[in-house]
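Sequences listed follow chains A and B, in order. Reading the first sequence from the start, the letters are residues 3 to 719 in the numbering used here. Reading the second sequence from the start, the letters are residues 39 to 384 in the numbering used here.
Note that these hints are calculated values from the structure, not bench results. Please note that the accuracy of each hint is not assured.
[To be verified] Restricting the straight-line Cα-Cα distance to at most 25 angstroms, the calculated cross-link-like pairs of lysine to any residue (SDA-like) are:
1. A/K174 <-> B/I104
2. A/K580 <-> A/R349
3. A/K174 <-> B/P247
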Amino acid sequence: MTLRQLRDRLSVLQIAIATATVVAGNGVAWTSVALAAAFTLLAFVRRLPPEPSPRSQRAWTFLVFMALLATIARAFLQGEFLDAGVDFLLLLVVQRMFNRQRAREHMQLLLLGTLMLVVGAVVNTGLNFPILFALYLVVAIMTLLANHLLSEGERLGARVQAEVARAGARSKTLLWRQALQVAAMAGVGGLAVFLVFPRFGVGVFLRGAIARDVRSGFSGEVQLGGFGRIKSDPTVVARMVPMSEVTLEPHLTWHLRGSSLDRYQDGRWTQSRASEPTPLVSIGTYSVLAPEGRALGESVPGVGARAVVPRPIDGFAASRDGMRVQITLEDIGVDAVFIVSDPIAVRLRPRGTLEDRSRLRGGFNQEIRIDKLPGPIQYEFVSRTGTPTADELRAVGRPSTPASLVPYLQRSPKLSPELTALARSLTDGAATRYDEVDAILRHLEGFRYSLELEPSARVARGADPIEGFLFDTKTGHCEYFATAMAVLLREIGVPTRIVNGYYGAHWNEIGEFYAVRQADAHSWVEVNFGALGWVTFDPTPPSGRAAGDVSLWPALRQYVDALRDAYLQSVIDYNLTKQLALLENLGLRGGSGGRWRLPSWRTVLPWAGLAIVVAFAVRWAWRRRRDPVRVETRLYRRVEARLAARGHVRRADESAVRFVERVQARTGREDGPQGVGGDALRRFAERYDALRFGPAVRGSALAELRRLAADAIAALR
Amino acid sequence: MTPMTAAAPARPRLRSRRLLSARGRSLEITNAGRLFILLTLLVGFAAINSGSNLLHVLFGAQMALIIGSGVLSEGTVRKANARRFVVGSLHAGTPAPMHVEIENTGDRRELLSVSVEDDDREHARPTLRERWFRRTPEGEPTPHAAPVFAVRVPAAHSVRQSTTVVMPRRGRHRLPRAVVATRFPFGLFVKRRELGEPEEVIVFPAVHPLPRRASPVHRPPEQRSEGEHTGRVARVGEFFGLREYREGDDPRRIHWPHAARFAEPVMREHEAHGDTELVLSLAPGRTGDPAFEREVERIASIAVAELTRPGTAVGLRVDGVLVLPPASGVTQRLRLLERLALVGTP
């Protein structure tokens, strides 16, 4: 491969890696990437003309100008700063790929790659970023090296071009070595700045949130059957660390609430927006849910203004039982804030200026939503963990339905009277709302959980999918169970709503957190119990709620999850406080006073010692690399050392054989007829001289010399 | 002949593109380097502004690349040395071959991407306006050598490259001032180190091919200039010296005692007059006068052409004084050209 071909391939590779960092951070639409990749491939395989034609240059200029206008329009009119910018960068990459004859065009490709990497650094908080970044460094630096040599050829004329082509092709190994060294240097520089450069987070020029695609399942609508595809996805979406004293179990049974929907029609749940969004009120630094203007939580006297606990509810003994949990939610493309049922309050724990710009807002049906930039968020929530007992729920009786709850009785006109009849027959004789709920739950207990949905003739004829589930197949997954329960209860006038979120969490022993995975996605029902509020019921059979271990290697998965968590904590979450803590640990900063001081000798001494040891090790390794000692020489030195121990020192002008002859001649009387070392020593010396100063040494000859050396050393003992 | 002292060339004031220039070193930022620095500053600003840790990493890596680039290029120019040898005669305005030996004085690291170029501070750089309107400044032609480039120079080794040098005027001059330069590793910066004072060379007048009729030998006596005459002379003249054997030499002229001593043929050289004797006459004049320069070039061209003719001896008379008696051979050619190179200089 010529240097030019190598540069060509590396240029494309560095762009591909940089784009991969953006793709992995969901910073660009797949369609844009696919289009750009297709055109880049086309540009790569096509024969490059010696000079770009003026016509094609004019066409490209026009196209880029139009794209620039479109990008500005998208950025300012639609607020798609990121997507528009990345799309424009991809277009520039394609344009350069079609005209990359000279070194300057490759330099521009490298510049575009760097810009893409900058975008990747903003949007990608995944564990893949450090790996891709390291790879990018090596590839980009090698591209720079190769491009530099070729540019020197272009600059200095045809004679130098020929010299570069000739010598460059032979120097690729050397160039790779240089690229690795420089990449290591850049990596160390990056690490140093990361560790010690103070985090200011000035926050100038930062504007509102970037528009994002919202993933189905936690948005304003859900099609029945949407969960099936993610039930086998082991990706961790959230990591939870309980902050208050709770009983820790390997598998939690919490319902992590995301979105709630109240309108059902044609197999689709949506938000009716008939009611106002649940407002949030501030208590200390918490945003507390306040449906109908009444906060669900209150600050605790004596504990501190910042602590929020659930507000007590009359007739609900455990209503004050609550917990605080810190959660790190991955960017799964939704604006829902996930909180364990029943949600009371949330407090963001931003890890930088970008996250600090996130804003919480109340959603419908006691949802909490967030406007944020791409990337994971960290927050703390307060939940009511206590649930009313059956007796407390029965005590409510059959509460009346105020106008504000009418939307939760909505009934799809498509549903048949058969459904109403079923609901009434099931709850016939139920004295209270709880008995009605219980009757329906018992009815659904006989149904089978499955992700494989059987076809129903009724549904094929146009009936609502939930009727097929209730009357024909009696098989479905959580959405069917939850929907069935909700519509049946509505048939008898009980306000209900469906909730989408995650069920359960798995303890990660390595990272010491609870991991919530995509496979834990779940749906359940909330039923209104008047003064007691909304109460969670889960009609799905317990076997179908938790996804179990969907990963092929659960242990490995735990390590990966823990690593990801550590990365978020130590890299993404690294801030000024942690920097100061690091300086304190190094003894460079006073703990309480926060004043800078000179380190004491006790602190400096170990580090200085370590530095000296490392410096010597590097020097030794360097010398060893530059001047490797041949195997035969090492063997000879061992034998020589043994002779020296017996008082025989080789003169500088003596060969091995001559030295042995002299020594044996002198020691002939004392050490037997042949002198010290005897025949074994002489044979070794002869073989050594032959190998050391003869033709190239082969492996078998070295093995023989090794054996002779062992014999000689044994003879010298 | 009075040796000339070459005046130190006037150096135009350094423009801003050279960031540092001390102890014979200079640093220049290329266009790509400016872009890279701008990008680094932008990333740094974004990092400080946003507090994004990954942007800090990126910023640190870019800064390290800038510093690493400086360290590597400094290591390269510090350990690179170069010597230049002009091969053969150097005629004014004519490219002459030159060897450049680039040496790696270090004993460990290979040097990559080293060039030996003219120090462009010798020449006035075009102003921004000139560059903008693509006008090149007109001025006196200056000596220049084509740059040479070595992709790699192994540790404690040297590589030899060939190039050409053009000296615009005859006389005793110094070779163009040269620098060891490198853009290694990324082409973002150019680091240069001045080589020592360039060596002095004698630049012969330009020699042009002459039409056959221009030779005074082939002109009738009435058309010849004053002092130009021809005549039969002895085949063997005064003993001049010894030289190594060249292919085609007459074996009868081998100096056998020396050949026996050195075990290789050694030739006798005589200041032999040729069959035809020609004394060229040059009217007095001063260096730089176009008419005088043209006349010097004409005389030099005739002398070279005649001396290539077997059996022709050529001499030179300047201002009526015979400064070189007629003789033939390579040595006479050099004497003539040297005399013509320096004629008219103060």
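Do the hints match the structure? See the list:
1. A/K174 <-> B/I104: Status holds; Cα separation ~23 angstroms.
2. A/K580 <-> A/R349: holds (21 angstroms)
3. A/K174 <-> B/P247: violated (48 angstroms)
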